[in-house]
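Enquirer: Please work from the sequences and hints to get the whole structure.
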Amino acid sequence: MSEKLNSEAFASDLLKQFEHILESDPLIDEVGFIHPSQFVTLKEEVGGSLSSSEGGVLKSQDALENGITNFWNRDHKLGISTQIVISLYKAAKNAFMAAHRQHKTSNDETLASEVLIHGRALLLLSCDFGTAWNSRKLIASKKQLLPIFMDELRLSALVLSYSPKSEQAWSHRRWVINMISGRCSTLQEIIERESELVEKIAESSKMNYRAWNHRCWLVSYMTREQVLHELKKSRNWAGLHVADNSCFHYRRRLMLRNLEGVCHPQENDSSGYNVKTYQVWKEELDWNEALIKRYVGREALWLHRRFLCLYWIRHITANLLGISCQSEPKSSVDNDIDSFLDHELCLLDSCSTVPDDVFEDFQAQAIHSATYMLWLTKGIDLQDKLGDLTRLLSKACPERSSLWDYFGGQLCARELDLSNS
Amino acid sequence: MGELAVDKHVKYIISVEKKKESFESVVMEHLRLNGAYWGLTTLDLLGKLDAVDKEVISWIMKCQHESGGFAGNIGHDPHILYTISAVQVLALFDKLDVLDVDKVSNCILIHIAGLQNEDGSFSGDMWGEVDTRFSYIAICCLSILQRLDKINVDKAVNYIVSCKNLDGGFGCTPGGESHAGQMNGWINHWLFVKSDSNIVKCLSAAVTAVFCCVGALAIAGALHHVDKDLLGWWLCERQVKSGGLNGRPEKLPDVCYSWWVLSSLIMIDRVHWINKEKLLKYILDCQDTENGGISDRPDDAVDVFHTYFGVAGLSLLEYPGVKAIDPAYALPVDVVNRIFLSK
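Protein chains in written order, with our numbering: chain Z, 1 to 421; chain L, 1001 to 1343.
Do not rely on the hints blindly, as some may be mistaken.
[To be verified] Stretches of chain L that chain Z covers, calculated by requiring three or more beta carbons in the stretch to come under 8 angstroms of a beta carbon on chain Z:
(1) 1063–1076
(2) 1122–1135
(3) 1311–1319
[Claimed, not checked] Not close to chain Z: a few residues of chain L, all C-beta gaps over 12 angstroms, as computed:
(4) E1029
(5) A1051
(6) I1057
(7) S1058
(8) L1099
(9) L1148
(10) G1247
(11) N1337
[Claimed, not checked] Computed beta-carbon distance windows for the label pairs:
(12) A1051/L / H76/Z: 45 to 55 angstroms
(13) R224/Z / L1252/L: 33 to 43 angstroms
(14) Q1146/L / S37/Z: 51 to 61 angstroms
Don't read these hints as lab results, they were simulated from the structure. We put the beta carbon where it would ideally sit given N, CA and C, even for glycine.
Expert: Structure below.
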């Protein structure tokens, strides 16, 4: 029994220390968990040049006696010893839940601040503890003050520094932005900073669906200038991360948003707008082709091309050319599609040769390119240009032979229909 | 190829129930009700539900909020994500009668979802985040409770259809998939414990959005909105060389997608497009044959979430000795039949 009391006292001491660190250094921008053995290395790395008070190691009375390090705080980076995480978590949870229960029955200001303080400690240990996020939303929505909302964005970013895939932390940001969107003069700036945050997190947390999903969500708040700016800005990043499908999906979202303006021409100065949109699409196609040739066998690049081409054929050529040059005869549009498809067939041809030394990448490139063409045939008629495609695929990728047979069969049936009519 | 180590997995799941002090179960306590669903459904699929105490029912009822919705654990806030788990577990035990059905469905309609939104979408709780996952849960839950007539199903279907992508797949919402200074990433370098466990990681993948949309449309009888060939194509491209399935292009395979991808393929009648034997072998290779449990990839650490999805995947592959699971309701077929045929 007394042992239990001791450990509870120890844990609540830890919590006090933890909350004190968070309170006294509001600029902390990164949190992580550190194994005890790593504290030693850290101390060595910082070197003997520092006096003990500057060394960043924070010890409780108890820890001092035992020579144990629990926290490390330096240059606004906070490390928590893995040895104490569970005790600290339990103390934070109990403190938060108690304050939360009391706060529900009385509207006391001190209780509200207890909920916030213990809730912050808890969320830095358990990122998806929904009840703690909810209690913050409740308090912030009662106060309706911009600085409080901005504090929430900061806390969420801090949680994301140790748990970049936390769904609740991302969702909290969206809630905050929804709350301030109507009455905040700096909304466009905030949207821009959000976009930068996603990019920073995506750098260390590869193919992070939640992060990119958040960036896609931001698009509906962007002006057309911002959309074009984002397209330009994210291009570099995408070129360096060609396997990250999420980034290409983001670009697709931006491009479709840009296209929405074309569908509602009355809202825009239509001809200039259309030319620009056409140009953006053409540049993306050329850039994608260059990447495909440079980075052999990348699935995400070929999937991006599926999107680009289908829209190019369906919407851009039909719609855009139709709107901007209404006098242009239909046959000319057909010619454009034809020459475009010829170009794609050339690309297929250049990607289908697998060198003798059979690198896996070239094999993958051949499969992706053939699959891509077969996929296009679902949307448009390529007639007799694709005879060998299913045979090639069945040979290169026999695992999916049922799929190839199915679509190959559809292709043959269509050709038969054509020759009969 | 090894066989399914049924007894070991049963033992593992029961041991997880009791290990409340481990790091994993401590940081997951806010979604304990989801964990109960994963573990108990697995036991039922393996024909061993009677190995569990009925105490779990009274624990579940303690998770119910005064509004009628359920929280992930006692004293937490309610969310539609946990409400579905509560309803599913009660259905497993044939105990739906302990629920005040109108209270629960009203809660989905009013308190949790703040009513169905104008565009037909659903929110997860009173704070308004919209996601097609919540549409699936609302439709699935109300269907099990036989209260689907309380919502505008056509509108709900239209919203889901608006989340369709060009590749035939679906997103969470319409349109939905640094070295800033030297010290950046400094802590991550020292990061020892990753708090984003395998479970959280898997819950946020793109194919969960596909499953939820296809599942919701299946229950609503609106699968004609799906381009089955196109979606089937995208889904079967999730199978990688090892036989396992991934959740998005260029990602590693993971056992949980055996459920998300396979159930979707079955619902749209395109499951013959993947290599079932290789997938079966992949799932069996992810077992811990000594201590029980299934992991995301061979030789990784097991958890109850992947154990459930592995067994559910085997069930969809008609593995002998495993009960059949319904691909839309994510409950054993006999449980679903009991709900709809006995009335």
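Enquirer: Let me make sure I understand: some of the numbered hints might not hold for this structure. Which ones are they, in numerical order?
Expert: Failing hints, ascending: 3, 4, 10.
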